[in-house]
Amino acid sequence: MTADRVDVHITLAGSLWLAQVDGVAGGMSARTLKELHGDVAEGLPFLFADRPQAPKPAYHYALPGLSEQDLDDFAALQRQAAAIAEDYTRTLKKRVKHMHELGLSDGDIGELLGLTKQRIQQIRSSANDESRQVS
Amino acid sequence: MAGKLYSLPRVVERDDYAAIRDRIIGLSHTHGLRCDWAETTKRQRFLLLWDAEGRVAARAIVPLYPGETPHLVDSLERGLAHLFGDDWLEDP
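Those protein sequences? They're chains S and P, same order as listed.
Sequential numbering of the first sequence, starting at 1, is according to the numbering used here.
Sequential numbering of the second sequence, starting at 1001, is according to the numbering used here.
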């Protein structure tokens, strides 16, 4: 536990989620993980009222057959997927714009990129909306 | 002015929130600690124990349905043992 973070260990016992906070006796329970996260957020400012700022929870989950590494790996994969999706969208808009400036029809652009004519129209339309908002 | 006298219940049912709470309150007074409770969530009460110098002596989360979460009661017992002694929830 550091001054600005506190480790919160979460397990599942039957139908209840349990949370134990490092340095705090006892623990919390909830029917859903969302409720448990809410209770942790609610409790930390009170439990650490002697500190200038309540620590942020660092969650650690212990579930059968699911390691913390599994969750960390998935979070990394999510970040990669988000970065790829962002790159895909940016590149797609750039290619569509370029081909449109070359005088290609939406149908031909779609044919080259493996997308429908409607999707190309949608991309050009949203690009126009964005440029109108900027100007 | 005479202070309020707290007598510790002889038997603490580990699945009875009120009994556990009363034991904590009684022992806190015995040890010169002040209790601050927060009743903001459905299934537990948050507790801060302050010593006479205004320092936090212990932080605790007391389950409201201890019969459903005996593991948390064990954790509570262990977590407050440095203040109240081992087996403070057991019969005196």
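Treat the hints loosely; a few may be bogus.
[Said to hold, decoys possible] Calculated pairs, DSS-like style, for lysine-lysine (alpha carbon to alpha carbon, straight line, at most 27 Å):
| hint | chain 1 | residue 1 | chain 2 | residue 2 |
| --- | --- | --- | --- | --- |
| 1 | S | K56 | S | K34 |
| 2 | S | K117 | S | K97 |
| 3 | S | K94 | S | K117 |
| 4 | P | K1042 | S | K56 |
| 5 | P | K1042 | S | K93 |
Bear in mind the hints are in silico, worked out from the structure with no lab data behind them.
Numbers of the earlier hints that this structure fails to satisfy, in rising order: 5
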